[in-house]
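Assemble chain B onto chain A, guided by the hints.
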Amino acid sequence: MTRDSHDVIVKTLARLLMPFMVVFALYVVMHGHHSPGGGFQGGVILAAGFVLLVISHGLEQTRKRMSEKVAEIISSIGVLIYGGIGVLCLILGGNYLDYGTLSKLLRVTPAEARSLGILGVEIGVALAVMAVMCTVFFAIFTAGESSQDDRSVK
Amino acid sequence: MKILSLMTVFLVGAALIYGTLDMPKWGDPQSPASTHVSPYYLNHSLEDTATPNVVTSVLADYRGYDTFGETVVIFTAGMACILLLKAGRKRRGNGHV
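Chains as they are written, first to last, in the working numbering: chain A, 136 to 289; chain B, 1170 to 1266.
Hints were generated in silico from the structure; no laboratory data involved. Given the structure is predicted, the values throughout are model-derived calculations rather than measurements. Built from N, CA and C at the ideal position, the CB exists for glycine as well. Any given hint might turn out to be false.
[Said to hold, decoys possible] Residues from chain A that face chain B, not an exhaustive set, calculated with beta carbons under 8 angstroms: (1) E207; (2) Y234; (3) V264.
With the rest of the complex left out, here is chain A (with noise of 0.2 angstroms):
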């Protein structure tokens, strides 16, 4: 399973696939300020086009992509961003993740910035949830059997 399959369909499909659920995940992302979505369900399909990859192209040509170490510094980034976005409201003069301090940065008004406010954080909420998914997914995938370890065995 954690090696290239040779299912020409199989691939072919998942690669005309790849580029409609990043763009779909995005705009999940993007439009949550006017219809369902947000972070956490852009987050998600994002994250299940690496596992579509992982069961098309195997685990190898994944981590060429998304390895495990990126996943888990891109978490922690996404944390960061929505923390950095709540001290940024402190520094301002405002409470913890009160968007409306943003607005003496950004130059527009406060209900504006609260609105792009909002749409930082939920960027925030999707790399973690994207990068979190994958690490899980990957822990999970490699678990039963130890690939460092074959690999300097071959």
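Showing chain B alone in chain A's frame:
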């Protein structure tokens, strides 16, 4: 001992169910949440946050601190997964060598 545990579970469960009887009915328009908080969010969400989707503005703005906690919970779950599964793999590998 098993009977004692079962009795405790049932007693606590009965107490919790008895506690829910005092709560307002599901979707009751006269409940405090429906008379104070919800109308404020519905009326002021657009002018406060310039976000047409009230769910998003409540989730990420009015209750932003709560959502931050949720994100940290997901992050912690991922880290726990790494620690449990990777630590187990390494120990098994050392055992074989």
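### Query
Which hints, by number, does the structure contradict?
none
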